[in-house]
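The residues making up each chain are set out below.
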Amino acid sequence: MILVLLILNLLLGGGLAWLAGRWSASAARWTALVVTLFELLFVGLLWLRLEPAEGSPWLAGIVADWIPNFSVKLILLMDGVSLLLITLTAVLGVLAVLVSWREIQENVGFYYFNLLCVLAGVIGVFTALDLFLFYVCWELMLIPMFLLIANWGHAHRKAAAIKFFLFTQLSGLLMLVAILGLALTHFQATGAITFDYRALLGTAPGSLWLMLGFFVAFAVKLPAFPLHTWLPDAHTEAPTAGSLLLAGLLLKTGAYGLIRFILPLFPEAAAAFAPIAMTLGVIGILYGAVLAFAQTDFKRMVAYTSVSHLGFVLLAVFAMNLLALQGAVVQMLAHGFSTGALFVLAGALQERLHTRDLRRMGGLWTLMPRMGAVALFFAMAALGLPGLGNFVAEFLILLGAYRANMPLAALAAVGLVFATIYALWLLQRAFYGPVASEGAPRDLRPRETLIFAVMMAALLWLGLFPQPVLDAAAPALHRVPGVSLHVGAYVRGPRSPARVRESAHSVARPETAPLAEHVRNGDGSVWGDAKAGRGEAPAPWGRAGTGTSTIDDRRGGAR
Amino acid sequence: MNVEYLAIAKLFLPEIVLTVGALLLLGIDLCLGKRDTRRALVLLGAVISLAAACVALLQWDWRPAEAQYVRQAAVTSAVQRMAPAVGRDALTHAARISERDARAVTTAYKAARHDSLVESAATPPADGAPVMGIAPYDAGLSSPSFSAWWLFTADNFALIFKAIFALALALALLLSTRFPVARYRGEFAALLMFAAVGLMVMVGSLDLVGIFLGLELASLCCYALAAWHKQDARSAEAGTKYLLLGSLASAIFIYGASLFFVEYGSTHLHVLAHGAAQSPLTLVALLMVLVSFLFKVAGAPFHLWAPDVYQGAPTAMVAFLSTAGKAAGFAVLVRVLSAHGFQAFSEKWLLLFIGVAALSILIGNLVAIHQNNVKRLLAYSGVAQAGYVLIGLVAMADPAGGTLLNEALPLTAVIFYLAAYMVMNIGAFAVVGIVGRESGGEELSAFAGLRARAPVLAFAFTLLLLSLGGIPLLSGFVGKWYLFLAGVYQGQYLLVLIGTTMSVVSMYYYLLVIKQMYILPAADGAQPIRVGALAAAGLAAITLVTVAIGIYPGPLYTLAQAAAKSLMP
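Sequences listed follow chains A and B, in order.
Mapping of the first sequence onto the working numbering: position 17 corresponds to residue 20, and the numbering continues sequentially without gaps.
Mapping of the second sequence onto the working numbering: position 63 corresponds to residue 71, and the numbering continues sequentially without gaps.
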């Protein structure tokens, strides 16, 4: 029920902010702030009142009928990964409202209505597990975001907004066809129409075409290499809060889709597709980094770093082992904060200097020392400084990817070097050197300081103490079929015969076999699932018999 | 009055309500010369149309489909047994009813007879025969009811379309109370109502001649309506074009029907359905009939008249024609194709339909991008929408589609979409009409800054356009979802893929309009737009219904499904 509350709070609050905006702009602002703070409060309650049912990955949820003629249901379910992303959404929601406080002066009520609707759509995407409902939420994020960019963006906002809309819409429709095809496959097998994710698991594990339909939708949102071209435009032209939400949340919906839908629904097709997808990921990492280096527009540059960072996520997802997936989840959170902060920084600079052109900046540190320090911090986060969230994420991803595909992991590691170059170059151009701009721009305001402080704290927390995040995500990731769990990230458990039997269902990925064997024999034990390690039978993912592996044992699979 | 005549009247209740209403309207218009009353006249017309819609829905047959089939099978067989002049010749000539079929029909007939005896014992005779009752048949060939029952039906399929037409008419009239239709407001409304009567006759008819009758009644009214603004060259062009091309389509249709008569000695759908042989002549005749109605629904490449007519004709008439007219065309197509004898040729006409569907979707959407006039843009979008509906018709083709087809998914999707489309498209044209009236043009630029000039209008139009484009939680999306689902379930992946891809293109040009309204500033000196109270109420209702169907499509789907199932399999 609380999930419905989360969505309704935002939708109704958005309407309220719109109404308040007719009265006065600041009323709309305060309404939006209160609504998002309430949202944060609800998410906090969610954390406190988790009641994981035994053997079920779902921590909270609701299932109800919606369109009984087509057995379309209202299914909102949340597991650990969703919970983390919902938390990210709530936090960034508050920050987005704060960021827009002074920037948006026109039509404020409608602006906050759209902002809160985007948040509602995002939370819907993170929780909807009826594919029809998922598609609805997927599209619902789109229209308010389109309006945000088109109405309150910068100079070329209209073209950018339409480009963004059409890219996402087209890919979304391909996903729609894939959803229909998946439901058809299920119908042909069982004679019942359903769009229930849990029922559709294991319907078409090897269907490459259906997987591609989903993949394209998620790859556009992510964005993966050849489909990323909307992103620099949309990010650059969006208002600051729009960029923050795009980078922080909307890109994450793509990554979330990969983890939630591609791997569990199509484990075999995904395994077959993995080399291509990982290659795309690595191309994204390198290509994004190189292009980022070449940009002169602050926001455009940060946008390309997003392409680079999310390349890591694509690499991780298709490495298909727990280590990499854990890394992907941390990367999603860390990127949300670090890149989001850089966009906020860009917005703050634009407000003060009226330009985003890096060639016209320089020596800003002397003018605005506090902002310079903040920029230094987030640039370090972007380049993956140990101790900050991105480092943990990229480290885990590289470890996992190394086990899946060594050459690609090595290439991806080169991306870290590129990241160092562009991050330092950014600092050099904007904040060091001779002072280029005239006037005395004001240093950070308290409101901005607060925003950056929250993001810094989050990154430090992710970097220094990622264990709670890993723990929260692990039970959900364990149940992703087809993911090899030969190396658990967080706890060591004795080898259990039960798990080896279970793993007979898992998907074999031969190229990783020797490595896995090596690790296992190295210390005579297996890194594995904590719960399974305590001897409990692993619970099925969704319904019985659809891929229940909790540990991937090559030999078990071969037998 | 003879009970039989009452029974016949029940076949035509909505038509009778509308006809009487239209005549009443004309009478009042003749008696009262004052201009002020004329607006009230249009309102009266709208109320009468609403009443007709209610009548159509009140006639709804709530019994399970199987019970309806028994009755209809009995009707068919009774007619065929009692009508040697019409049926038997054809039947012996074609001899298409296998012995098993004939036995089944006879059994059904007996069962139905028994049923009707029981029913007439249970209900007081003053009620007359039940709507689908067969009591009149026993009266024999000479009775007047015979020809009526032979030619017309009032099954749920016909009724839902009658309701759609009546509602479309009511909305078109309601929204047009302030449209400039010169001095002849009363006649305008009456002609529209007669056109609706024609469409109703069309969907209720079981005989090609009956269909032709309705088609011509509707067309003749529409020709006059298209050329309504006598002084306006565009309107005259629209009228001429529509007259010429419409007559051509009618001619093709009647030629096809005559070929059927040559082959079978009858133009009745049941005869044709049971008797259709795989002869070249039948195929040619069938294709001619189909093509003439593809013309009516403006499917590419038979769409060329649509943009010009839509642009020149009065907006209220266009709103009606583009929704009710299109729906009627599809209803007749479905009625003809559902006659299962034609399924034998499904590969042949399927090819035609797949081609027309793909072309309509492609041409409609791609050409719409370049339109500068919103009415023309909506005309091309209407061509594309016809293509989407054709996906559903294509999906009807394969009778061996498994259990889903028993649930009549494709046909249900078609009816659902036509109903949803009626609501949203009329709304869209109403907005165009209002803006056109107030700013003197229907160019894209007339919509600039509409957000500031008429916020409610802009919001409603945005929702309607998004619905036309197929954005979730609006009725258009659900309709497309069902159509695409039906297409996918029939394995028409390519067609569905074209449909989805082109939906994106359609979003592009709908967004262009939305951009005009929301992002571009109004032209200098642009006035705020006055929306009449009636139009505002109608528009609010339309928008609400669009959203309501989008969020909770269950009821409409159930209704559409019942209508789809009432067609004889």
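Don't read these hints as lab results, they were simulated from the structure.
Built from N, CA and C at the ideal position, the CB exists for glycine as well.
Don't take every hint at face value.
Claimed, not checked - Sample of chain A residues with no beta-carbon within 10 Å of chain B, all distances over it, derived:
1. Leu40
2. Arg105
3. Ala153
4. Leu179
5. Leu187
6. Pro229
7. Glu354
8. Asp360
9. Leu414
10. Trp464
Said to hold, decoys possible - If you want a taste of the chain B side facing chain A, the calculated C-beta under 7 Å gives, among others:
11. Ile506
12. Thr508
13. Pro529
Looking at the structure, which of the earlier hints fail to hold?
Failing hints, ascending: 3, 4, 5, 11 and 13.
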